[in-house]
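**Student:** Last residue of the sequence shown: 811 in the numbering used here, with the numbers rising by one and none dropped.
Since the hints were made in silico from the structure, they are not lab data. Small disclaimer: the values here were computed from a predicted structure and weren't measured. A hint or two may mislead.
Computed Cβ-Cβ distance ranges for the label pairs, DEER-style [said to hold, decoys possible]:
no., residue 1, residue 2, range
1, S610, L499, 45 to 55 Å
2, S784, R609, 50 to 60 Å
3, G423, L590, 16 to 26 Å
4, S663, S784, 20 to 30 Å
5, V476, A506, 50 to 60 Å
6, A516, V476, 11 to 21 Å
7, A625, T515, 43 to 53 Å
8, H457, A659, 19 to 29 Å
9, A516, L775, 19 to 29 Å
10, A455, G423, 43 to 53 Å
Just so it is clear, CB atoms sit at the ideal spot from N, CA and C, and this is done for glycine as well.
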Amino acid sequence: MLSVVATPSRSRTRRLPVLGRRSAFSLHACVLIGLLGASSAPTPLYALYQAAWHFSAMTLTVVFSAYALALLVALLTAGTLSDHLGRRPVLAGALLAEGLAMAVFASAQGVTALIAARILQGLATGVATSAAGAALLDFEDPDRPGRATLANGITPVAGMAAGVLASTVLVQYAPAPTRTVYVLLLLLFAAQAAAVLLTTETARPRSGAWRSLRPGAAVAPASRPAMRVLAPGVVAAWALGGFYSSLGPSLARLIAPHTSRATGGLVFFTLTAAAGLAVHAARTLPARTASRAGSALLIPGALLTLSGPHLHSLPALFAGTALAGAGFGAVTQGALRLLLPPAAPGERAGTLAAYYVLSYLAMSVPAVLAGLLTNLYGLQSAASLYAVTVVLLALAGLARAARQPRTS
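Build out the structure end to end from the sequences listed, making use of the hints.
**Tutor:** Spelled out as structure tokens, the structure:
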């Protein structure tokens with residue numbers, strides 16, 4: 404829906420078309436879906452890259468984690484930038500940088516270029532996700548509270564599911580599969596950057612932009628008690644997500660060496676699709692209940708996934724992945740509902756950035772360690788240790804939550 408607002412200029416007042424509240428809300432949700440879709444798009448391609456460039460599991464996890472660590476740096480330094488400069492310029496610039504990362508992916512001829520593309524993508528995504536997530540809260544319909552928090556929970560997993568599924572299909576059927584998906588994403592981000600400029604600016608520009616670039620995670624004071632309780636479950640969920648995203652296709656090939664190339668991509672799709680369904684289903688549950696149920700589901704999910712290599716069973720792998728995905732989604736949904744509502748409007752971007760700092764640190768560092776363990780002891784042993792660690796973290800989260808008074 405288009406409306407017209409007056410915008411002052413030096414010589415005269417111009418009238419620019421801008422998107423209405425509902426359309427702007429949908430646009431920013433689509434931006435988050437696109438960003439996270441691009442983050443998972445390389446997952447089904449890792450097998451092709453490994454076959455062409457002959458690199459190890461350790462190198463694979465470094466490629467994967469380069470994105471997450473760069474995103475972490477962006478969140479630590481620029482997570483609150485849109486609170487100072489405005490949502491529109493920050494988000495539009497980040498989307499153009501994301502498009503540039505897609506161009507680097509499409510032209511990559513080796514591991515070095517792949518890592519460079521992942522670093523650029525991580526930096527752009529870190530800046531864009533905090534700005535777009537805060538904009539969702541800004542554009543939320545006052546008569547329908549809670550939609551922004553739900554969207555912040557469901558769009559990342561929906562985006563990752565869409566990205567890995569589209570990439571899997573293109574690997575099977577498209578010409579030049581290591582290029583086609585990135586060209587399509589480049590066009591998407593260019594269009595989204597242009598559309599963002601048609602939205603109303605919701606953040607009042609204020610001083611302190613340079614100071615805001617000092618590394619730090621600005622959790623709103625009112626949200627800090629919830630963050631302390633939620634941390635173990637959040638770390639468990641995202642660490643498991645990092646394993647599936649980086650080594651999930653390799654685990655599928657270990658269990659069934661002659662399976663289709665698409666199977667590896669479908670492992671991560673199963674995780675993210677189950678997570679998306681869980682986010683939607685958990686929206687009617689109390690936030691603390693959703694978070695605790697998610698942590699509990701991570702335990703059988705991790706253990707069943709671990710049994711896959713021992714049983715040489717793809718059904719066990721996919722069943723464990725589905726349970727882990729449901730746990731991931733419920734933990735994410737509950738955490739955001741507990742963290743974001745207490746934050747004041749000027750603290751939203753910073754609080755969301757702090758949540759993603761914890762999440763992506765948990766996603767990247769354990770994945771690199773898993774790659775190292777795979778090189779030293781094999782993937783089956785690495786998966787076993789990883790699953791045990793996730794189970795212990797999930798149990799710690801449940802124990803910490805059980806000590807909290809029932810206030811929500």
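**Student:** Please check whether A625 and T515 have a Cβ separation lying inside 43 to 53 Å.
**Tutor:** Holds - the Cβ-Cβ distance for A625 and T515, about 45 Å, lies within 43 to 53 Å.
**Student:** Should the hint that V476 and A506 are 50 to 60 Å apart at their CB atoms be regarded as holding?
**Tutor:** 21 Å, violated
**Student:** If I claimed the Cβ atoms of G423 and L590 lie 16 to 26 Å apart, would that claim hold in this structure?
**Tutor:** 25 Å, holds
**Student:** Range first: 43 to 53 Å. Now tell me if the beta carbons of A455 and G423 are that far apart.
**Tutor:** Since A455 and G423 have Cβ atoms about 47 Å apart, the given range 43 to 53 Å holds.
**Student:** Holds or violated: the 19 to 29 Å window for the beta-carbon distance between H457 and A659?
**Tutor:** Between H457 and A659, where Cβ atoms are some 22 Å apart, the hint holds.
**Student:** Just to be sure I understand the hint, the distance between the Cβ atoms of A516 and L775 should be within 19 to 29 Å; is that true here?
**Tutor:** For A516 and L775 the Cβ distance comes to about 23 Å; the hint holds.
**Student:** Can the suggested window of 50 to 60 Å be confirmed for the beta-carbon pair S784 and R609?
**Tutor:** 52 Å, holds
**Student:** Note whether the CB distance of S610 and L499 lies within 45 to 55 Å or breaks it.
**Tutor:** 25 Å, violated
**Student:** Per the hint of 20 to 30 Å, is the separation of the Cβ atoms of S663 and S784 within bounds?
**Tutor:** For S784 against S663, whose Cβ atoms are near 26 Å apart, the range 20 to 30 Å holds.
**Student:** Just to be sure I understand the hint, the distance between the Cβ atoms of A516 and V476 should be within 11 to 21 Å; is that true here?
**Tutor:** 20 Å, holds
Hint compliance for this structure: hints 1 and 5 are broken, all remaining hints hold.
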